[in-house]
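Mature numbering (1 follows the signal peptide of the UniProt record, and there is no 0) puts the sequence shown at residues -26 to -1, 1 to 336.
Straight-line alpha carbon distances no greater than 30 Å define the calculated DSS-like cross-link-like pairs of lysine-lysine that follow:
id, residue 1, residue 2
1, K170, K92
2, K92, K304
3, K305, K50
4, K50, K11
5, K164, K43
Simulated restraints, written as ranges between beta carbons of each label pair:
id, residue 1, residue 2, range
6, I17, S79, 21 to 27 Å
7, Q227, N20, 22 to 28 Å
8, G21, G81, 28 to 34 Å
9, G34, L153, 43 to 49 Å
10, V328, S67, 20 to 26 Å
11, V68, N212, 20 to 26 Å
12, D12, V273, 42 to 48 Å
13, D324, G81, 50 to 56 Å
14, G89, D182, 28 to 34 Å
15, G21, V130, 17 to 23 Å
16, V68, V268, 38 to 44 Å
17, T284, A222, 19 to 25 Å
Since the hints were made in silico from the structure, they are not lab data. The beta-carbon is built from N, C-alpha and C at its ideal position, and this holds for glycine as well.
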Amino acid sequence: MKRKTCKMKLLAVVMMALGANLTASAQQKSSEIDWTKDFTSRITLNGYAQGGWSYQNPNGKDQNAYNLKRTLLWAKARITDRWSFMFMHDFSSVVQEYYTDYRVSKGNELTVRFGQFKHSYTMENPMSPTQLELVDVYSQAVLYLAGEGPDPLNGVNYGRDMGLELYGDLANGVVHYNLGLMSGQGINRKDQNNQKNLIAKLELRPVDGFRVVASGYLGTGCAVGTAAWNPEINVGDNYKRNRYSVGAEYKTQPYTGSKYKEARPASVRAEWLGGQDGNVGSRGGYVTTCIPVVDALDVVASGETFDRNTKVDGWDQTNLTVGLQYWFYKKCRMQLQYTRCMCGDKIGKDYNWVQAQMQVAF
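Could you build the full structure based on these sequences and the hints that come with them?
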């Protein structure tokens, strides 16, 4: 009897141990599944490519070429509900962005950003090329003054810089602000002087779809090249580099005649910009509109002008653009545009520019 009781006790202990082992194994397996699911839910991947064909004849010289302008892929990691990290690389160029955001406030009133990112000067610069209407993306004034590339003193920086920025929404989203303290040297480069540059932007959104924006840039540049229209500045020189901009944009409710309506509101955007590089001033502006006409087809039109040196005649250029774009799938589109470029005497003769581009994005 005692032997039978002992056997039953022993069997009960074995069953309990086996049950505990199975429970622990199930919990461990469940924990692994939950961890994997949690990890993947915190990572988002996006990307796009833009490529096409271009013909132009500046100074009577025909240029006919295919191009692959951008192939970007970026990953955003949501570390916590307030803390995130982003990394972006352009496979046809260089590493573009890497920064971390931390939301200090409970709402959207204050977020801190640190790293390398698109700075907030001008309305167009912070916008993605996938959103903009022109094949050449930004207006001449924005390309030059925001450091996208045409300014040889600043070099090619794609409108990005290293630094620290505070931004947020106030008054239930009616007011948006950005305040950044930036290196001023651009991307993937160590600062060549001890002066940090200040960028501030204030955006008012009184009604849905309408915004009024003012931004400014105060700082000191260190020249990485020379410019024919600004001969007093040599490579390695520190020089005054200030900018301002004022503008407005209006977007209607998305067009409902196409299943790709989320990408297609009618819009008009206008901005006036100016800058000072050493003793040379520059200024320009643009008006760009995009209007859905039928199904997934839009009409695009733009007028822009920019003067690189306001003290010397002949450094100005005015572009008039008209074109079509067709959305064949959500963020994917085909674009065809014609631009008449009217140049000042020091730039060259007037010329024609035809561009076609396909955009694939996810």
